[in-house]
Structures are given as C-alpha cells and as structure tokens.
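Trainee: Model the full structure from these sequences, guided by the hints.
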Amino acid sequence: MNGSERPGQHPPPSSPQLPALPPPLWSARCRACWFGLALLLLVVASFWSLNLQWAQFLSLEAARSMGRFIAEFFPPDLSPGFLRKVALGTWETLAMSALGTVLAAAAGLALALPASRLHAAETAWARAPTRALLNVLRAVPELVWAGLLLIAAGLGPFAGTLALAVHTTGVLGRLFAETLENAPPGPGAALRAQGVGKGLVFLYASLPQVLPQLLSYTLYRWENNIRAAAVLGVVGAGGLGQMLAFHMGLFQMGKTASVLGAMLLMVALVDSLSYASRRWLMR
Amino acid sequence: MSTALAPPRHDPAWSGRLFWLIAALLLLWPLVVATEFKPWTLLAPANLKVTGQFLATFLPPAHSAEFLGMVARETWRTVAIATAGMVLALLLAVPLALLAVRVLSVSALSGRMALRSAWLRQLVRWLMIGLRSVPELVWALVFVRVVGLGPTAGVLAIALTYGGMLGKVYAEILESGDGHATETLLRNGSSRMQAFFYGLLPQNAGELTSYTVYRWECAIRSSVVLGFVGAGGLGQQMDASMKMFNGGEVFTMLAVFVALVALADRVSAGLRRALG
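So the sequence lines, in the order shown, correspond to chains A and B. If you count the first sequence from 1, you need to add 4 to reach the numbering used here. If you count the second sequence from 1, you need to add 20 to reach the numbering used here.
No lab work stands behind these hints: they were computed from the structure. Virtual Cβ for every residue (Gly too), placed ideally from N, Cα, C. Be careful, since some hints might not be right.
[What the hints assert, rightly or not] Below, a sample of chain B positions facing chain A; criterion: calculated Cβ distance under 7 Å: (1) 62; (2) 127; (3) 171; (4) 245.
Mentor: Encoded structure:
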C-alpha cells in the first residue's frame, strides 16, 4: 500500500514509482495458500466420498414425495385428549432438563473442587485426572449418553435426565473449576493465614465470590438442556422427542405435526425469554 | 458503640440458608415425579445384571483389523458429512446474511430504510431464525423419511440448521462492527457488492472465519449424533452396536469419537489462534 502519497506531493521524476504488484496467487512459503489448498482438498474429498444422492433428492419424484410428506402433516391432531398428552410431554421435557441441570450443577461443583488449584502452594494431585474425566464426560454428546444409559436405566425420562446430567456435569465441572481458579485469592489467603480449614475456606471465601458466576453458567446450560431434552427422546429417553419418534414411526403424521409444533414453540419461547432476560440484565 | 456484642459463635446466616435449601428441595419434588427419577432402579438386581454384563463386554475393546478398518471409514464419513454440510450451509448462509445486513442498505443512508427493503430484511431474518430453531435431529428424521437412510439426510440436516445459524450470526457480526468505511463507500457511489468486499468484509473477516471454524467443530459432534437416527457415519454404527449389546465395539467407537472431538477441538483452537 502506498498510502503516504498526498495529492500535492509528486514523486521525484527521476525515480518513477511503480505501483506494487499484488502478491502472486500461489507461493510455497505462503501458509494461507497451503491452508486453502488443504481445505479445498477436504471439501472435494468429502463430497466425492459420500456419493450423495442428489439425483434422488432433486428429482421430480423426490419433490413430489416431499410435497406428499408435508401435506400429510395437515391437519395437525388438535383433539383435547392428544393436546393434553403433548402438554404432559412438554412438562416432562422441561422437568428432565431442569432436574438434569440441578444434578449436574451439584456434581459439577463436587468435581470442580479436585479439578482446581485454589492457591499456589496446593499440590492438587487430583487436578489432571479429574480434568481428564470431565473432558470425557463433556466430549460424549447427551444423545450418546442416553443410548448407553438406556441399558442401565430402561426406557423413559429417567435415562434422559441422567444423560443430560452426565454430559452437563462435564461442561459445568470444567467451567466451575476455571471460575474457582480465577477468583481473587485474597479472602481465601486471609482465612488460611488464620488457620481456618480447607472446607471452611471454600465455603466462606471462594464460594461466595464465584456464586453469581456459577449461577449464570448453570442457567445458560439449562437453556441449552431444554433444547437438548426436546430431541433426546428420539432414542427412547422420554419427553417430546420420544412422542415424536413414536408417532412418526407409526406414520401418524397429524400427531407428529402437533408434537413438532409444541417442540418448536417451546424452543422459540425459551430463546425469546433468554434473549429478553439478557437484554434486561444488560440494561 | 462501646457495648459491642460478643461475636456470634456460629454463622448468623445459617438458618436462612437451611430454609432456602429445604424450600428448593420441596420445589424439586414435582420434577422428580415427572421424570420418574428412581435411582434405585439402577441397583435393581435385574438391571444390575444386564448392566454388569454389558460393561463386562467392554473389555477387551474390539480391535480386529476388519472392524478397525470399518471404524476408520465411518470416522472419515462423519468428518465428510460435517464438512459437506458446512459447505452447503455456507452456500445458504452467505446470501441470506447479505440480504439481512442493514449496513448495506442504500435507502437507509438518507434517513429511514425504505419500507419494502426493511420488510425484506425482517423476513430473511425470520427465515433464518426458523431454520435454526428446528433441531438438526428433527431435520434428519424428516430427511431420512424422504431420501432414505444414509449420509444424504445428515448432510441436508446440517446444511439447513447451520445455514440458518451461520446466516444469523454472520449478519450480527457484520452489523456489530464500525460501519463507517462501508457507509463512506456507499455514499461515494460504490455498489453494494463493492462496499461489502472493500469495506465490510476486510473489517470482519477474522471474526467470521473464526466463528465458521468453531461451527465446523460443532458440526462434527452433531454429525455423530445424527447417525443415531440413521444418517450414516460413526453414530449409526455405534447405535447398531449398542442395540446388539456389543460392549467391545461400543468402547472402541467411543474412544475414537472422543479422540476425534479432541482433535477437532485442537485444530479449531489452533486455527482460531492463528487468525488472531
């Protein structure tokens, strides 16, 4: 860029300044070029290896079957008896997400203690293994946990609640541990200097400082868990998802449509509530 | 005050805390009922036997060459579904985001935005919110019905959900920055495309790319989950092995999956750091 030239200042005529050429499109030293090439290869290889059935999807026949499929959704089943069932399913979904989040907050706090080093002199020998455990809990998605826990807990909302709790424990435990480590060390050090024990230092110095942050993380995860709980039932773990999979499997499209509607309504409501409350808090 | 009270021998706030704890537990009770929360069923002899048998088959993990080859193939398919889905999502998100961005409005330069373009922008925004708010698992269920089992349903599900999500966030990122350069370009008669490429995009390119990389990482995770409803990849095989109570296979695939997520996490964090 030759940004230094001003309209009034002409370059001396003896050395005509040529505008700099743009850099070449490809050079072996350019990391961005190699990265772009790798990305292009990844994309091409992905599409090539999946042999997607575009023909089947974009054909007239597919469009017709899609149209038929959508038409079957109407009219949605709005009979009072079924609506009561849907309301019950919605309540079950909300209860699963809330209880799962509460359990996860408790378990996450319990695991965050060994996973954090609260002051520099602490050996914190359990820190690395606990963090590894939290990472594994977090890496496996709720739905996979639900599939695994169905074997131990049987079909129904209990397995879903446990699955949400297990995954969220991993997420919250890690966030809690980081929050605890980042808390100002002063109050804890003061109590420790007086000879106060570890547990009391945590209860009266660390916890009160980080509690608002922990609460806000928990609320945020609850919001996420409502969304997750809605679809968790697809593998049989209770809530609206289980109704959706059940009625779709029986080709009762009217009922499927009302369940879908309830699900979308719930998600939209949660989204707008969280948006509104965040705006209200930020004000 | 001269007559200072003796310091309390115990925490004065203790009774209040106890009260709120008990109140919270009472409030939790309906939730416990609704979710059929019965932890003792885990310890019922029949359940314990099944769980024990399943866990016993975890070791040794399945490691025959044939099985490992299949796992490698399915792992690649999982990554490929996520990548292809992201590409299609970008094809959807970029035009939608450009349509929705208010900074690129010409009529807004002189007072209020024209009514028709304001409505168009709001409609596009609603479309994106609608696409995003249907969970990808539901899209996958629908597409499995239409195109049959296999990766096509997974790719389409990711494309639609992530298309809405990316478009909405792109529009927000583009609007959040300083719009001065773009406005100047527009005022001096450059076209909207020129204003975008020379004003808006260079300002926000880093943030946009870093968000896209982060979403690619999320797409890998969700493409495993989509496999559980029959959209191909590692998830579908995991579901099949779980249904056959084949613990060794489940264990191997879970380990591969955790490693894959950790790798994607590392790559994505590295790329985002490189972008600054």
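Trainee: Run every hint past the structure and note whether it holds.
Mentor: Hint-by-hint comparison with the structure:
no.	hint	verdict
1	62	holds (6 Å)
2	127	violated (27 Å)
3	171	holds (5 Å)
4	245	holds (5 Å)
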